[in-house]
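Student: Please put together the full structure from these sequences, using the hints given.
Protein chains in written order, with this note's numbering: chain E, 1 to 355; chain Z, 1 to 249.
Careful, some of the hints might be misleading.
Reference listing, derived: stretches of chain Z covered by chain E, where coverage requires no fewer than 3 residues with Cβ under 8 Å from a Cβ of chain E [as the list claims (entries may be wrong)]:
1) 38–46
2) 63–69
Residues of chain Z clear of chain E, computed beta-carbon distances all greater than 12 Å [claimed, not checked]:
3) Met1
4) Pro8
5) Tyr18
6) Ile26
7) Gln131
8) Ser145
9) Arg152
10) Asp168
11) Lys182
12) Val184
13) Lys192
14) Lys202
15) Asp243
From the derived model, a few chain Z residues whose C-beta atoms are all more than 10 Å from chain E [what the hints assert, rightly or not]:
16) Lys2
17) Lys3
18) Leu15
19) Glu162
20) Tyr235
21) Val240
Read the hints as simulated data drawn from the structure, not as lab findings. Idealized CB from N, CA, C, for every residue including glycine.
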Amino acid sequence: MAEKKLMYGNHAIVEGVIAAGCRFFAGYPITPQNEIPESMSVRMIEEGGVFVQTESEIAAINMLFGAAAAGKRAMTSSSSPGISLMQEGISYIAGADIPVLVVNIVRGGPGLGNIAPAQSDYYQATRGGGHGDYFTITLAPNSAQDLYEFPKLAFELAEKYRNPALILADGLLGQMMEAVEFSFEPIDPKSLPEKEWALCGCKGRERRVVRSYDLKQGRLEELNLRRAEKYAKIRSDEQRFKDEYCDDADLVVVAYGTSSRIASAAVRMAREKNLKVGLLRPITLWPFPTDVLADMSKRIENFLVVEMSCGQMIDDVKLATECRSNIQFHGRPGGGVPIPPEILKKIEAVLGGAR
Amino acid sequence: MKKLFSRPEGLTDTLMRYCPGCGHGIVHRIIGELLIELGIRERTVGIAPVGCSVFADEYFNCDMIQPPHGRGPAVSAGIKRARPECIVFSYQGDGDLGSIGTAAIIHAAARSENITVVFINNAIFGMTGGQMAPTTLPGMKSTTSPKGRDVRKHGYPMKVCEMLASLDGPYYLERCAVDTVKNVVKTKKALKIVFQNQIDDKGFCLIEILSMCPTGWGQTPVQAKKWTGEVMSAYYSLGVYRDRSKEAK
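Tutor: Structure below.
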């Protein structure tokens, strides 16, 4: 069995990023993700990589743009207000078809908000976030184990589709200690193939240009339509989710990240009360697992969406199910975290009402 | 027949879109020549700014990237740190470097990123149609200071070389101009020094170049050259603001 270690979620990300063969980190301090740059400042140097504490998140995302355009796996982490500052850069990176990894340890917003865990950046993460027609591949971990494993998956997807990838966690996942199994063989960065688009000097080949603009009439429309085809392929091939007890369910709770861990406990409590309740946990938030939800909505009468926000993912549930079912919501915004009994109460209310 | 003058291999065989009398073409040519003279074209990555010289990504015959407005120094640092074997230069105008990208340039200089910055100061926003720049001179007219820059209302211009010279980080800082043949030769000499400094891993270097914008200034190319030499150079003194190679001795 692989080695197991008790560690903070934020430290699990660092080890996961390094095991994924990434040797470039640039970032700026912000709570509740500070353990990531702190740990990176040691680990990247130990591994012969690059660590830069930048003057701002704007600089961090642009350093990533440079490093990734040079063909290297590169990542940054931040929390909500810092991720807002990065949106300009993410838009340019998406427009230039460059793969990078951005980790958002979400905190309460809007504005400076607070430093408590939240899920209120869902819209920003799944609707592009910056200006222009683009999407970012978005993964939602719900354990320290996921935080260790998802960077590798994120880089693989980002490179496969030449698109930025996000890991959308929250302050609770980042600060929580759990056992992490080092479940895969660390990747040697030297073993990663050279990218055929990387900027590294034009010796023996035509020069390469990385850019997000095209002023020639009609060209940008063509480029965006081609990118739309890429997004359609991601939507059809990369939907990921986990389901529990959904087969015979009268009600399915839909929740991701921290909310899905809590909802899972509520679902088990409901089952003990002989209530037929299941859980659907989206792992990819973009692409959203619409297919499974569309399928479920043909036989399941009730959905309860649980989020640590005023309700954002619920829009995607409604779109996926085409509002065929009864869709209810339980949300805790501004740093509020639900507990299993309150979700159970809501489940009982919905099922009581349904009867 | 003997060929006396030709396009350097460091520039692509493309028609440049710059206005008649604009200084960008001169500076492009200098850099294009240096990429060949220093034998670095095939390991160079250039950064094109946002502004008139956004098209630099079509003109320099080397790998190029076009980042967001003002972020060239950060992108340069990312490339250079990811691939130290590459020569990285950031070509930026005064809106790009002196306005929206001020934080980026100051901190790249403070960290002494081993990059070469070519800073074109023409005292105006050219691409967007002649608006006031951070470098627009007191009293100078622009489309957003139509009665002339009033320092009480619009504030004072930024002197980038002087500002960066207050930091310990920069290795070499010089302000040049391309208004006369003599100054063009001096500019090439300065740019050669800073590309060589990067090859020698010396740290942050920037050359500011006073450059003509006849279109933005509402002048003829001849008037613009004269104005650069007489008015701009009087406010922005030419010269070396930092040379660590001299201090070391």
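Student: Please go over all the hints and tell whether each is borne out by the structure.
Tutor: Right, here's what the structure says about each hint:
1. 38–46: Coverage by chain E holds here, the residue count being 5 at a Cβ distance below 8 Å.
2. 63–69: With 6 residues close enough to chain E, the hint holds.
3. Met1: 30 Å, holds
4. Pro8: 14 Å, holds
5. Tyr18: 15 Å, holds
6. Ile26: Ile26(Z) is indeed farther than 12 Å from all Cβ atoms of chain E, at 22 Å.
7. Gln131: 20 Å, holds
8. Ser145: 27 Å, holds
9. Arg152: 30 Å, holds
10. Asp168: 16 Å, holds
11. Lys182: Since the minimum Cβ distance to chain E is about 33 Å, Lys182(Z) lies beyond 12 Å and the statement holds.
12. Val184: 26 Å, holds
13. Lys192: Holds, because the least Cβ-Cβ distance between Lys192(Z) and chain E comes to about 19 Å, which exceeds 12 Å.
14. Lys202: 19 Å, holds
15. Asp243: Answer for Asp243(Z): holds, closest chain E Cβ roughly 25 Å.
16. Lys2: 29 Å, holds
17. Lys3: 24 Å, holds
18. Leu15: For Leu15(Z), whose nearest Cβ neighbour in chain E is about 14 Å away, the distance exceeds 10 Å, so it holds.
19. Glu162: Per Cβ check, Glu162(Z) is outside 10 Å of chain E; nearest 20 Å; holds.
20. Tyr235: 28 Å, holds
21. Val240: 26 Å, holds
In this structure, none of the earlier numbered hints is contradicted; all agree with it.
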